[in-house]
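**Student:** Top line first, the protein sequences correspond to chains S and U. Going by the working numbering, the first residue of the first sequence is number 1, and it counts up by one from there. Going by the working numbering, the first residue of the second sequence is number 423, and it counts up by one from there.
Just so you know, the hints here were simulated from the structure itself, not pulled from any lab data. Hints may contain errors.
Computed, partial: chain U to chain S, Cβ under 8 Å [said to hold, decoys possible]:
# : residue
1 : L498
2 : G499
3 : N500
4 : Y534
5 : N540
6 : K569
7 : A570
8 : G782
9 : F783
All residues carry an ideal CB built from backbone N, CA and C; glycine is no exception.
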Amino acid sequence: MKSFSALALSVAIAMTSAAQAATPAAAVIKHYGDIAQATFEDSLKTARDLEVNIAAFLDNPTEATMQSAKNSWIAARVPYQQTEAYRFGNAIVDEWEGRVNAWPLDEGLIDYVDSSYGAESDENPFYAANVIANKSLSIAGVKIDASKITPQLLGEKLQEIDEVESNVATGYHAIEFLLWGQDLNGTDQGAGNRAATDYSLTDCTNGNCDRRRDYLNAATALLVTDLQEMATNWQPNGAARVELAAKGERGGLATILTGMGSLSYGELAGERIKLGLIVHDPEEEHDCFSDNTHFSHFYDAMSIKNVYTGEYRRVDGTLLKGPSLSALVAAADSAVDSKLNSQLNATQDYMQVMVDQAQKGNTFDVLIGSGNTAGNAIVQDVVDALTDQTKTIEAAINVLKLSDIELEGSDSLDDPASITAG
Amino acid sequence: MNTALSIKTAASAAALSLLLPANLYAQGPSLERWQAFNQSAIAEHITPKYRQLASQSSLLVRSINKFCAQRSDVSLGNAKAQFKQTQQAWQQIQHIQFGPVTMLMRNFSLQYWPDKKNLGGRQLNTLLKKAMVSSTQPSYDNDFFAKASVAVKGYPALERMLFDQKLLVQLHSNASYCPLMQAIASHIGENTAAIVSEWQLELANYREYGEDSSYQSSMEAATEILKALVEPVEGISDAKIAVPLGRQLQKMRWRKSESWRSAQSIENLRSNVTSLQHLYSGIGADSAKALLIESGAAELAETIDQQFSALALQLRAVTEPNDMQYQQQQFDQLAQVQQQLKRLGDSLLAAMKPLQINLGFNRRDGD
Chain S
1 MKSFSALALS VAIAMTSAAQ AATPAAAVIK HYGDIAQATF EDSLKTARDL EVNIAAFLDN
61 PTEATMQSAK NSWIAARVPY QQTEAYRFGN AIVDEWEGRV NAWPLDEGLI DYVDSSYGAE
121 SDENPFYAAN VIANKSLSIA GVKIDASKIT PQLLGEKLQE IDEVESNVAT GYHAIEFLLW
181 GQDLNGTDQG AGNRAATDYS LTDCTNGNCD RRRDYLNAAT ALLVTDLQEM ATNWQPNGAA
241 RVELAAKGER GGLATILTGM GSLSYGELAG ERIKLGLIVH DPEEEHDCFS DNTHFSHFYD
301 AMSIKNVYTG EYRRVDGTLL KGPSLSALVA AADSAVDSKL NSQLNATQDY MQVMVDQAQK
361 GNTFDVLIGS GNTAGNAIVQ DVVDALTDQT KTIEAAINVL KLSDIELEGS DSLDDPASIT
421 AG
Chain U
423 MNTALSIKTA ASAAALSLLL PANLYAQGPS LERWQAFNQS AIAEHITPKY RQLASQSSLL
483 VRSINKFCAQ RSDVSLGNAK AQFKQTQQAW QQIQHIQFGP VTMLMRNFSL QYWPDKKNLG
543 GRQLNTLLKK AMVSSTQPSY DNDFFAKASV AVKGYPALER MLFDQKLLVQ LHSNASYCPL
603 MQAIASHIGE NTAAIVSEWQ LELANYREYG EDSSYQSSME AATEILKALV EPVEGISDAK
663 IAVPLGRQLQ KMRWRKSESW RSAQSIENLR SNVTSLQHLY SGIGADSAKA LLIESGAAEL
723 AETIDQQFSA LALQLRAVTE PNDMQYQQQQ FDQLAQVQQQ LKRLGDSLLA AMKPLQINLG
783 FNRRDGD
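For reference, chain U alone in the conformation it holds in the complex (with noise of 0.2 Å):
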């Protein structure tokens, strides 16, 4: 693997782009090929993965249930392990931030994070603090979820409920304890439910375009897509590694990082990483990687696939930190990892030029 020189070769496209007109590409795809590729990467990428979130969600309903009908230590450990294969569906398919996902808030209820202020903790803390001193069992329906914050609805409140020590002594001594973890993940079993059926519906917004549609055009919509899969990658490097590890060894705060509590941060990283590059080159023909060959960037396209593979060839070698610390060389693979996402994202951006896709503003612009 030769990365200087696909440094090189990202900055070096980033820079002629800025000096040259911006026709140096003769045209981007046409409408068609964006539309091939936004039904590709409906019918190959997003359903999956969604319906694949559904039932890895049912799943983890169910163990819940079952830990709550009959308590006991092997209960709880299928209730964990089923809840870090779920959290592995959700990571699979977090990127995708447009449709049915983003509906009465979806997104934010299956997963509030980073929580800076401890709000999941201490939201939660209220809710079970108020059953307990309540003369009768407070009931967790629709409307409590229609009103209760975005804090206490999705994974990492169940994250927090199966692995908080602190928290789990109250399983016994609260009644309530269960009824409501087995409601936040029957929410979230619905939720998820609801987003692979109104997906179905999705599909009419990917058959005409114009005024009155959701999109402009196919490259309007091609264009969310594609953020889906370019953004997220300085996001990752940013929340995800840059924050929690901090600039030295001393100050790592692995607190800070994603699923601290169930010992997945980097399980969570590896899934990102699969499952963009998945939407990157993975669905076929009519792909990005496709895409950018036949817009005259094969070398570019090339190096993109190239630096996925590496960085999740890295990421394979990356391990869990032990009681929250990493050793000097864990710290190190993983700043380098995170040197490879940047690069990555470099690249990613100079290749929305020969694309001619404009990405607009994201959410992280600010801040």
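Looking at chain S on its own, in the form it has when it is part of the complex (with noise of 0.2 Å):
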């Protein structure tokens, strides 16, 4: 009973010092919510540029103003790929986010792509559909009027049609596509290569121009509606807040480090790195069009470190600093935070060290290569060091005596209603 009541005392103290004097629960709980709100609305505004800098580039397809709209898509990147501590333990986020993060994808439903690719797959009857290029599609018993490409047609009719996962319509990756193309260097050096004529009204390449610019419109257009959702959820009494709320404050403390682990272990150690590790290939890789994969690790990485820190550096450049978790368990435990602390920068060195590599061309499809020993080293210590952390995560978990609120699955965290049905 000891954390109960010194949760409900420090509820009553005013948080006057960042020290680690007693840090109220709800204080925590509410500047999370804050972070949250900053950092998707951070991604709004950086998907609005994307949409300037796409309209501009539809206005006059250069291979210049593509590389502004590249530019403003990795820039998109940053703060979104923030946000995906709050994706996991929060049943509003992970819900919404495949329709603007969803991976991997068969990117062969949406344009033309190299005969490498195939023609089919056992899982997918959609695998080559290409809906810029067919105005309507007849597959697998399923009949499509595609001859208008818009927001609803990709949201609501080609996302994950047929029940598979990887007929990715929607989100970052396929604009991704749209704008880099495949990469078919492998695990060599070397991204998507798309050239800019693909959009061009007079001198079209690789056909159906026009339908690929109402597409990337589409999807654009989409992706800011989204996102403007995904904010407005996280506003002072919007429902992502409300939902928190109703967890109390222990559900609150324990959604905020369900996604800190969840996010560190299963999904990016494992799913989105490891993975690629073991099978060597370049299709397992998180940005595999553009090859910006180092600064989505590494800003998922950071998204961890800013919800138990409290602080988010926010992409005008201000510091967004509140009261955190860090201080909650250090004040319960201080070797534990201080340990999570340095191995929360560890892990960020580590991952440091993969964007130095792809800043000289060694982007992650190269450093998972068959051989390339040393590059396999590289990932392999950011595989530790979030292996690593996320120990210390359930330590972090003990000492706030938060272990009896059911981790995964998260049953009792997506829905309050099933604890106290018994």
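Mind docking these for me? Both chains are given alone in their own frames, and the hints should help you get the complex.
**Tutor:** Dropping the structure here:
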């Protein structure tokens, strides 16, 4: 019962010092919501910049205007990836996430692909449907009128069509494919290399430029709408805040730690990094068209650190800082807190090594290549660092006495009703 | 079997523990009891099952070598039959994700699955094509396996080479087909033999605990074993049943099932459930079930054992699909198995509370 009374007491005490005084859990949870709000607002802002640059590119499709569209895509990923620690644990984010960041995708659904991609897949009847080239689709008993490419067509008809997850018609990675095209360099250096003329109305390459333009416009508009929705959810009294508050203080703290641990271990270390390393396959790269994967991982790791330290550097350079989970953990067990802080920093350092390699042309797909012993080791270091910090996240859960709150499966977190139903 | 009752028990156990302080169950098992559990799990479950896997894998090496030396329908049939046996030995110990099997990523090397992007198929094709255009016969030696993708190293790769007709046509046309298949089998044989011998050294980690050891305490070591008991249940239900079955009969996609090429996807489930039950209650007086009873949760302990038995019984009635497609009745049967697994998973999670075990994050979180 000790933790209950300590929390109750701390709620009554105003937060006056940033030091390891009694930080009220309620303040930590509120600030966690504030960082979410800021990060999603920044994601929305940079997506709008992307929209502007894509409009300028389509207005005058040259290599230069295409490059600035690509640059704004890369910039848009910086805040977005920093939202990912909110995904696991917050059902409202997790259920929405597929619309904006689904991966990996069977890009043949969207546009033309190289012959090495193949024409069919055991898993996916829409593997090579090529919506841009086909005004109507009739596949596996499903008929789709694709004569007009609209956000509704992408979001409501094509996304995850036939219940196949790799049918990704919307979000960052669909736009990434439309801007970069397939990366045909395998585990050698180089990213996708789509020509700007793929969007030219006068000089069209690879056919259907008008429909490709429509697709890029629709996907970008949809991304902005979707991000707008989530930024609104995190406004004070928004749906995400309400959902979080309904879990109570212990539930809220468990949510923060669940997000940190799940992203750290199962998702980032496992699904997104180690998997690529063990199969040495460039398809297993999060940003496989742009080769921006190093930064996606880097900012994912930063997301975990942000929610722990209560600090977020906004895209305009201002620092958002407030009551942190770190201080709460420190008050309970300073050794666990300092270990976790140093591990989060170490992870960032290992991520930086990966970023530095990428600047030299050794992007993630190069590093995971078969026989690239040094590259493989760099990636393995990242996996190990993420795994190590997960163990300490578990320790933090223990010192805050939250371990009786179910972590994985998250039934109790996603559906508070299930807790009281018994 | 009163299933309705057992769900309620599990659910209310889970709910109670959230509403009441964690010390409702005065205390979990002592460190001595956890140590006894560890010893039994290793001696009665882990070691014998790995020994079985190694011997089955070595039989597989011989049977594939025999087939390659003398190719006939009969010798191919024998190799296929042996493959199935070996695969079931693997399914009996697949849930262990700690110790020597994790060294050098052997766990992934033995079985890379699910293979959502058909990497096994693509990478095997690339290797075979490379061999065709090369002027010299490639050598599939240690260096090759050190660099190779896990998708071409394990049981699924062999399954493709033995059962996939599209691939098997290359048996005669491609001089590297048999050498590659034999090399993969030998590599599996060596890996599984190494796991067995390394477990002898691994035992030291269960003798002394502390800062400088693998585990801080016998309880921490036991947590790892309990993870191997609890976590696979959800994984089996999701990846091995829900995904290939789909939400309705028309959406069934059996190619997403684990071993459809050798028509063993259901047999795998039987092996998994039987083996998990063995780990739960079949290892003598120091089993998880016994410890649960000692911790004052006798009813839950019994419920779990009954849920395991009910599942095994249910699975006995399920057949592999004909031509990759079920009829409604079979579909419903398997959907029921999935429901049962969900209940079993809930009960096992609830059991961690009286045992005072925190399982922590697992590999399946996220995604």
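**Student:** Of all the hints numbered above, which does this structure not satisfy? Sort the numbers upward.
**Tutor:** 1, 2, 3
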